[in-house]
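Model the placement of chain B on the given structure of chain A, informed by the hints.
There are 2 protein chains.
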Amino acid sequence: MNFDEAGVIAALARIFGTSQRGVEIGIGDDAAVVKTSARSAITTDIAVEGTHFNTQWSSAFDIGRKITAANLADIYAMGGSPKYLVAAVTLTGQESMEWIEDLAEGMAHEASSCGVYIVGGDLAKGPCKVISVAAIGQIDTVITRSGAQVGDSIYISSLPGWSAAGLAIIDKDLESDIAHYAISEFCAPTVDYSAAVQFANGKATSLCDVSDALVIQAEQIAAASKVQLSIEKDLLSKHPEFATLSEIADSQGIDVWQWILAGGEDHVFLATGKDLTGFRIGSVQSGTGVIGVEMKKAPDIWRHFN
Amino acid sequence: MNFDEAGVIAALARIFGTSQRGVEIGIGDDAAVVKTSARSAITTDIAVEGTHFNTQWSSAFDIGRKITAANLADIYAMGGSPKYLVAAVTLTGQESMEWIEDLAEGMAHEASSCGVYIVGGDLAKGPCKVISVAAIGQIDTVITRSGAQVGDSIYISSLPGWSAAGLAIIDKDLESDIAHYAISEFCAPTVDYSAAVQFANGKATSLCDVSDALVIQAEQIAAASKVQLSIEKDLLSKHPEFATLSEIADSQGIDVWQWILAGGEDHVFLATGKDLTGFRIGSVQSGTGVIGVEMKKAPDIWRHFN
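Protein chains in written order, with our numbering: chain A, 1 to 306; chain B, 1 to 306.
Mixed in with the good hints, there may be bad ones.
Because identical chains cannot be distinguished in the list, a pair is counted as satisfied if it fits within a single copy or across any two copies.
Computed cross-link-like contacts, DMTMM-like style, restricted to lysine to aspartate or glutamate with a CA-CA straight-line distance of at most 25 Å [unchecked claim]:
{"id": "1", "residue 1": "Lys238", "residue 2": "Glu95"}
{"id": "2", "residue 1": "Lys233", "residue 2": "Glu219"}
{"id": "3", "residue 1": "Lys226", "residue 2": "Glu24"}
{"id": "4", "residue 1": "Lys35", "residue 2": "Glu24"}
{"id": "5", "residue 1": "Lys274", "residue 2": "Glu232"}
{"id": "6", "residue 1": "Lys203", "residue 2": "Asp177"}
{"id": "7", "residue 1": "Lys35", "residue 2": "Glu95"}
{"id": "8", "residue 1": "Lys35", "residue 2": "Asp140"}
{"id": "9", "residue 1": "Lys35", "residue 2": "Glu105"}
{"id": "10", "residue 1": "Lys226", "residue 2": "Glu5"}
{"id": "11", "residue 1": "Lys35", "residue 2": "Glu247"}
None of these hints come from the bench; they were simulated from the model.
The model shown is predicted, which means the values in this text are computed figures rather than measured ones.
In isolation and in its complexed conformation, chain A is listed as follows:
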């Protein structure tokens, strides 16, 4: 064991320090006690070493940011505001104290960017590193996937595909700024949480977080709303970042649409509605499923069952 377990708990209590507004009891008892509103949104996401992250590629700080971002994005994607997190972590015992502190710092950094506190957790020994986070948030008006209306437009908060691009080139030793940007988006995406708030404020009829793939989340909205989503590649290809992403894809002999449509984990927000602030990519019409984005290869993912 490379660290002292009591030392880890003390470090986590310091890093997650919860003498904060709304937190009555933070780390140190059987459960945390927090102020909540009449209606809460709750979610959980798990990240596994080798599946979702790799310590060769990602710093502990980025790993902590990424799993935290996935949870925060899920709450925003319902139209809510995340408030508190709990984290359950398995470690092998071979991690350094510094690595563990960096992981916690990354989680706290991402959480605090949304005014969210980590109020408790659990630590266990296991054969590999697993980080599971659960988030709870306040929610007034709920925006599900089932409200898309015929005649709505479809919007994204930013162009998906950067995380998939980063994964594709992470071991390629590319030296450009754009390559570094893609890799950093894979290691820990920059999530525009405020875009979800804007979608909600603009009375989006449906909203979700693209955690798996744009086509998958679009299909979920279509199915839940009993409508057809017509996504236009022409519109997507006018996104200001499209040319840059295409350039990396071309240099790797990869079809950029695979990254945009089937890549996940950017936590781009996908919304339907009228005159929303966001990038318009298509329209909602009567029918079923998603059209305009036929894929050569289906995305291969394990789905969030929230």
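Structure of chain B alone, referenced to chain A:
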């Protein structure tokens, strides 16, 4: 892969079916949406294959019950009532559909015994099975570990040590009813949640869940309350189950006190207060630490950092 991932999600949605009071949005969107009160208790616990459970010994149903019980007990141990759970699970892909359904049934069974619903989750592929659960509950009067008063008595809800006994004899092929009981308590303890409610209703001054070991949780109460806990082995040895537990310990050449004081995972509730309904094991006095229960061997655990 022994199962179809979409099939798993469908099975979980069926087993966890949340068209229940208080659950506005259950499984199927980015996050669940539930009714909450002004103050909530939140906790998380993680169980890892090989560390906390073993599929050779435990059925999937029991594994599901056990991790769920740990979370429910933590909420009760604050004086709260658990309401909702989310579960994040990693699977290797080698599990049968039946095993996964049994796991979910075990979780749902334990949760429903407390009127609690599983409202969402996440599923991922990993090198071993890991089950992480987070619980949220309603809480009015908070009972921490820091309220024990000089002059209080110390109570337990039942005799700890059965889970430790079960672990010690699980591979011994003992055929007695008592041996089977101990093993079943190790695989999934029978938690008397109502005892925690009785402690809370009796105005317990401190309350916690013995997840690690009786001496560890007693030390935590002593430290948080700035008092000394005097636990009397004489009182503990008068517990109606003491003789039976001693008999198994003797038959294995094990000191029964090791199981009672240092065994964990029974989720016995430990409380201080006056005239509580429970089994009295000692008194609170001025001083520090825990006396009366010196151990030959310290418990070796990784601590919950809630």
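Results for each hint:
no. : hint            : in the structure
1   : Lys238 - Glu95  : neither (45 Å within a copy, 45 Å between copies)
2   : Lys233 - Glu219 : within (16 Å within a copy, 63 Å between copies)
3   : Lys226 - Glu24  : between (43 Å within a copy, 20 Å between copies)
4   : Lys35 - Glu24   : both (7 Å within a copy, 20 Å between copies)
5   : Lys274 - Glu232 : within (17 Å within a copy, 71 Å between copies)
6   : Lys203 - Asp177 : neither (37 Å within a copy, 62 Å between copies)
7   : Lys35 - Glu95   : neither (35 Å within a copy, 40 Å between copies)
8   : Lys35 - Asp140  : both (15 Å within a copy, 11 Å between copies)
9   : Lys35 - Glu105  : within (24 Å within a copy, 32 Å between copies)
10  : Lys226 - Glu5   : between (52 Å within a copy, 23 Å between copies)
11  : Lys35 - Glu247  : neither (49 Å within a copy, 48 Å between copies)
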